[in-house]
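Number of protein chains: 2
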Amino acid sequence: MPVTLVTVSLTELSRDELTRTLDELRGAYDELRGRALALDLTRGKPSAEQLDLAEELLGLPGAGTHTAADGTDTRNYGGLRGLAELREIFGPLLDVPAGQLVAFGNSSLELMHECMVHAALFGVPGSTRPWAPGSGAAVLCPVPGYDRHFALCEKLGIEMIPVPMNGEGPDLAEVERLAAEDARVKGIWCVPKYSNPTGTVYSAQTVRGLAAMRTAAPDFRIFWDNAYAVHHLTETRHEVADVLAAADEAGNPDRPFVFGSTSKITLAGSGVAFFGASKSNVDWLTGHLGKRTIGPDKVNQLRHALFLGSADGVHAHMDRHRALLRPKFDLVQRKLEEGLSGTGAATWTVPEGGYFVSLDVLDGCASRVVALAAEAGIALTPAGAPFPYGKDPNDRVIRLAPSYPPPAELSDAVDGLVLCIKLAGVEHLLRG
Amino acid sequence: MPVTLVTVSLTELSRDELTRTLDELRGAYDELRGRALALDLTRGKPSAEQLDLAEELLGLPGAGTHTAADGTDTRNYGGLRGLAELREIFGPLLDVPAGQLVAFGNSSLELMHECMVHAALFGVPGSTRPWAPGSGAAVLCPVPGYDRHFALCEKLGIEMIPVPMNGEGPDLAEVERLAAEDARVKGIWCVPKYSNPTGTVYSAQTVRGLAAMRTAAPDFRIFWDNAYAVHHLTETRHEVADVLAAADEAGNPDRPFVFGSTSKITLAGSGVAFFGASKSNVDWLTGHLGKRTIGPDKVNQLRHALFLGSADGVHAHMDRHRALLRPKFDLVQRKLEEGLSGTGAATWTVPEGGYFVSLDVLDGCASRVVALAAEAGIALTPAGAPFPYGKDPNDRVIRLAPSYPPPAELSDAVDGLVLCIKLAGVEHLLRG
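Chains as they are written, first to last, in the working numbering: chain A, 83 to 514; chain B, 83 to 514.
These aren't lab readings, by the way, just hints derived from the structure by calculation. Heads up, a few of these hints could be off.
[As the list claims (entries may be wrong)] Derived list of chain B stretches under chain A, where covered just means 3 residues or more per stretch with a C-beta under 8 Å from a C-beta of chain A:
#1 120-128
#2 151-161
#3 226-239
#4 367-375
#5 493-505
[What the hints assert, rightly or not] The calculated DMTMM-like cross-link candidates involving lysine to aspartate or glutamate, where the alpha carbons are at most 20 Å apart (straight line), are:
#6 B/373 - A/196
#7 B/473 - B/445
#8 B/373 - A/241
#9 B/361 - B/330
#10 A/373 - B/241
#11 B/417 - B/491
#12 A/473 - A/241
#13 A/473 - A/442
#14 B/417 - B/401
#15 A/417 - A/434
#16 B/473 - B/442
#17 B/473 - B/196
#18 B/417 - B/494
#19 A/473 - A/236
#20 B/373 - A/236
#21 A/373 - B/236
#22 A/473 - A/445
#23 A/373 - B/494
Here a beta-carbon is modelled for each residue, glycine too, at the ideal position from N, C-alpha and C.
Please build the complete structure, drawing on both the sequences and the hints.
Printed below as a string of structure tokens:
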């Protein structure tokens, strides 16, 4: 049988059949390696075509245009909270009242870092002591999750406690138990819509549960990284319940820290980031930011407000991204189905938004798949990356990022990946 | 005699003469107050006319232009050290080899904050322990100095030890003594060219002394805030000795942290900031920055490289700033001379670059002058601001920032200030 048509369940093959299959797969793999590919599925970067959608930004605001709606000269110092007109566009998209939204810098990760660093040094509103290294502070980490969240905690010596994800978000019962039991548990990382990497959309029940649960720590924070708030891959604009409103209703108004950015809306790296929270949290953060800087790049904020225009303008722009991204995600699904369906060698997510496909291979095989792919010139995110300390206890999860490569390269890369998954799977079964 | 002509030395007046002068000054002050002015000499902000000089930036790089010299797509993520072409323009201006210069963010204060925060949390290369709050870490603060440097230390619980400035920079003997004596002394703040607020240009001897002195702390750092590197007010482009080279020669290559920015070259708040240091310091900072962000706004860096072109382009641009700033500084000097020369009520600096004039009034009078001016609608930087913890031990220094107001307003403001200085001086002499 041709290698690409191994669609029978590998686990049902006899040892002889496995050995024969291994030979075939190795032959195919040697051929793949011989092609000296240089493909990259590692990071959730927008493609050049996606960035082209915002090309007009590069000439904005244009000479002579530098005054904000309230008369502010955007070219000069000041205005720590950012331009009101931009906050008004993004308030409804992030479910944060514009008056509680801060537009600051070019990176939401930077704002998360800022919050964590100041929590470590000084605590947050409601803290009885800082979350400093050595204080025992811990944060719940739904897994698989976003490696940069985890790197930030690791750097600051904040212990990470993994919690499994399910179809509605993190396992709520487990989160409730851990948060209620231990005052060292200071927070939880959440990507509530189209989670990185599983594509999960948090259910309303999960959101309400997180907002309302009893926590032993009086200064518990939900780090609500709404990175994919408007990043739909289907015509359905999935909604997630309003976490600030839910927390407010539950008497925990200070619990959520909401983050967002335009990095995957306009330009990655030259966009605008947002922080939304209760008034006391906003005062806390801007109090710290005010010692660090005299203000954000307001010209870039004006540029964005002019380019995007309104929340509807953002949605229309995201439809144009979807037109470019959807075929790539469809291609990945088709290739995975063609190559792996029925083999039992992998399962994968079918995301309706966001930037990733999460792939579960046979337990113990993820690192081997990544190594095989690397040797064949296909760069994948390191196995383990979506877990705290880079350790996937089952060595099972691989994150795919289909957005950046052109379709032909993506096609080759997924073909190669499929082969590596099968090869690693057969090797594993022959060992086991 | 008309009030504005009190040019005799106040200290030589008899009590009767002082009383009569006080009445006259009070009358004039009441009249001033009656004018309900709203003038502001507080912050070193560029004027709208100065910002207009960079208006072309607002349309750059322009649609279709987004590729850096090395082929990088500036619109996408990455490139933590910033665009090479921009670093090559600013390397010679800041006396930092371009390979050791990082272009990052819109605010050098932010980079100083980043260095201080990471020193507090983790220490710097060479540290045996972090400079954390409670560690006793202290920093030398030449006074008068820049309030935002001091606010940063105060926030982080880093003790500030004032050191007097003289005409060549901080009192070197005193700095050498303090640094050699006490391992808690971890660094010194320096604005080496056209110091804020005194306008001092550090002598070569001072620079070499700071670079070479023995320090008890193995991790001593010079925070070299070269904020006014190219900000000349005369045709003489004053040079300051190369601190990185001097430190390297002295065997202390890791000692200087160099900072700079285009905030007062192009657009305040929408410019580019720089950090320069030894390779190990650069690796240290970018290692931390890499956990915080996926990269700086490279489009803004490309915009700046296109607009400024070269180091010569920067100098030419600064000449245009000088043409706008010089008349304002001349106006201040003329008004101060006309109003205060010979009165003994104040002395002041005659800066050849930078953004400030530093004014010494009679001891014990600075707060009163600022309060009187405020009541008359003339906002001045709070007395004490140029000192650690906001405390001027002699209540003597007032910082003037002439750049922002239009000439007519500046003229009114300095006239009013002169009156307040005389009034406070006479009040003081009558009390004393």
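We went through each hint and held it up to the structure:
no., hint, in the structure
1, 120-128, "holds (count 3)"
2, 151-161, "holds (count 7)"
3, 226-239, "holds (count 5)"
4, 367-375, "holds (count 4)"
5, 493-505, "violated (count 0)"
6, B/373 - A/196, "holds (11 Å)"
7, B/473 - B/445, "holds (13 Å)"
8, B/373 - A/241, "holds (16 Å)"
9, B/361 - B/330, "holds (12 Å)"
10, A/373 - B/241, "holds (16 Å)"
11, B/417 - B/491, "holds (13 Å)"
12, A/473 - A/241, "holds (14 Å)"
13, A/473 - A/442, "holds (15 Å)"
14, B/417 - B/401, "violated (24 Å)"
15, A/417 - A/434, "holds (17 Å)"
16, B/473 - B/442, "holds (15 Å)"
17, B/473 - B/196, "violated (25 Å)"
18, B/417 - B/494, "holds (10 Å)"
19, A/473 - A/236, "holds (13 Å)"
20, B/373 - A/236, "holds (10 Å)"
21, A/373 - B/236, "holds (10 Å)"
22, A/473 - A/445, "holds (13 Å)"
23, A/373 - B/494, "violated (32 Å)"
Hint violations for this structure: numbers 5, 14, 17 and 23, all remaining hints satisfied.
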